[in-house]
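Top line first, the protein sequences correspond to chains H and V. With positions in the first sequence counted from 1, the corresponding number in the working numbering is that position plus 304. With positions in the second sequence counted from 1, the corresponding number in the working numbering is that position plus 108.
Don't take each hint at face value.
Stated by the list, open to error - Pairs of lysine-lysine, DSSO-like flavour, derived with a Cα cap of 30 angstroms:
| hint | chain 1 | residue 1 | chain 2 | residue 2 |
| --- | --- | --- | --- | --- |
| 1 | V | Lys-170 | H | Lys-540 |
| 2 | H | Lys-447 | H | Lys-387 |
| 3 | H | Lys-447 | V | Lys-231 |
| 4 | H | Lys-447 | V | Lys-166 |
| 5 | H | Lys-540 | H | Lys-587 |
| 6 | V | Lys-170 | H | Lys-338 |
| 7 | H | Lys-540 | H | Lys-397 |
| 8 | H | Lys-587 | V | Lys-170 |
Bear in mind the hints are in silico, worked out from the structure with no lab data behind them.
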Amino acid sequence: MHDETVSQVIFGLDPTWVAVSLLLIVYVVIMAEKFNRAVLSLLGAGMMILCGVITQEQAVAGIDFNTIGLLTGMMVIVAISQKTGMFQFVAIKSAKMVKGDPWGILLVLSVVTAVFSAFLDNVTTVLLIAPVTLLITDALNIKPYPFLFAQILASNIGGTATLIGDPPNIMIGSAAGLSFYDFMVNTAPITPLIMFVTMIFIWFMFGKNLHATEEAKALVMQFNEHDAITNVPLLKKSLFVLFAVISGFTVAHSFHLQPASIAMFGAALLLVLQTWGQDLQSKDHAYEGIMAEVEWTTIFFFVGLFIIVTGVEHTGVIEMLAHKTLELTGGDFNATAGAILWVSAIASALIDNIPFVATMIPLIENMAPTFGGTEYLTPLWWALALGACLGGNGSLIGASANLIVAGFAQRAGHPIAFLQFMKHAFGLMLMSIAIAHVYLYFRYLS
Amino acid sequence: MTKDVISCLQDQKVSDIIDILNENSFRMIPVVDENNKILGALNTINLLSKLVPEYIVKGYLKSIPYAPDMGLLRKHYKQILDIEVAELMDRNPTIVHENESLLSVTAELITHDRFEYAMVANKDNELVGIIASSDVLRCLGKFTPEELFDA
């Protein structure tokens, strides 16, 4: 599909080359990690418009505000909720439940990470869990690497389970009209099995060598989880809003509501509740504090990215890639689903899964005519979701959460080397994709 | 302002500096070169931030009321004793010039690091003294109400 406006491209250059070059340059420079990704993404988006590939109206129309709204709303809710200390409470209570035993702590904190990651985004989850984990491993006087390794994997596995667990799922759900409930019944069922098998392997790799002295375990038992809760009224309000928002997601489809509206409304509600009864100055101060914690870098990165992909889409390149993909798989649905799953997994391990998924979405949409219409594409969406989310476990650069944890480990004096992680993780990731493929086959393709 | 200031050199050991701070109940010591030019400052907060894990210093764990004493402080304390001052000092401390007004000095104390002390330098950046926030208050206490208006 070519647009009239595409012919106005700067210097009379071929719009396809301009758009694809911009996309590739932006992706490569982002991966080099020398510049802020939001800045690069916005520059690329600006260039798409200035070079005439798309107009501003087309650019704005291409921004998925449902994804933006959902991310922003959840960031606000989590920024307020974490002030209560409830995440530290859960982490410490879990560690004490297993009496300070190192393997027990690794296991429960990984499960806690996976569950949180299903309902909050992965970066937020690891930002909450990793510091407490480092404190606990300092108390146990053992190296934190096995714990952080397991939590990285758990955050990506947990994030696969729900619509809101991982940005790729938010983008896919938004584009394909798949609801929170749809993800719960399609991607969530396989994640406990993947988690279980992964933990077994981690036990063999690290667990059986984890030991701590009785004094160290006793020190962990001295942590007082009740002191972690810093604001009980705010805790009640946060839990109320979290519960209401998750429930809202579950029934959203029946009320013709989209997740962004629910998340943004929940955020606004919690912003009002958090300072209820306080004077205006305190309210303003609290509001500014929370807004400063929203990851605007991530939000603007998404805005720019959507515009860049819209530009590429307008040139027809993605439609052409879709046709090429179908030629390679012979138009066979099962083969296409398998290809999407494995290619997404490998790609997500090596490049940032968000730009990859942003590019794959229109590619899969363009396959609709071949397979009889958009309603038949659903298994392909699950293949993309599973591949893109689980693939993030393949390497340290596979997902943002991985890099955050690696950053912590470095600052704690226990750096995680890229190859060391990949040596342990890549095989586990392939195994999880194999399990996902078997699941996809028996559930949708046979 | 205090003019007779104890300072240190950047190649001295932290253990010596801690002794000086403790013996004199100081909270800060200027770090100078052989020509008395200011290179930085070492204060008690700098030192304490080396005793707690980075993830706390960087604000990833803002408060830990639930954590017992874990021997971390003692362990890191032993580790920093043999380090040279140059490794730990603040290279961007609060410095004011000897000819600055009281208003300017007060603004600097409040905005630079919200630390109570500033080093006073001459035009060649040589250390001539230290001024504390309490010195400012004491100075203002000496003025009459009419003189305060012009201060």
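Cross-check of the supplied hints:
1. V:Lys-170 x H:Lys-540: holds, 21 angstroms
2. H:Lys-447 x H:Lys-387: This hinted pair holds, its Cα atoms lying about 28 angstroms apart.
3. H:Lys-447 x V:Lys-231: violated, 51 angstroms
4. H:Lys-447 x V:Lys-166: holds, 20 angstroms
5. H:Lys-540 x H:Lys-587: Holds, at roughly 18 angstroms.
6. V:Lys-170 x H:Lys-338: holds, 29 angstroms
7. H:Lys-540 x H:Lys-397: Holds, because 18 angstroms separates the two Cα atoms, which is no more than 30 angstroms.
8. H:Lys-587 x V:Lys-170: holds, 21 angstroms
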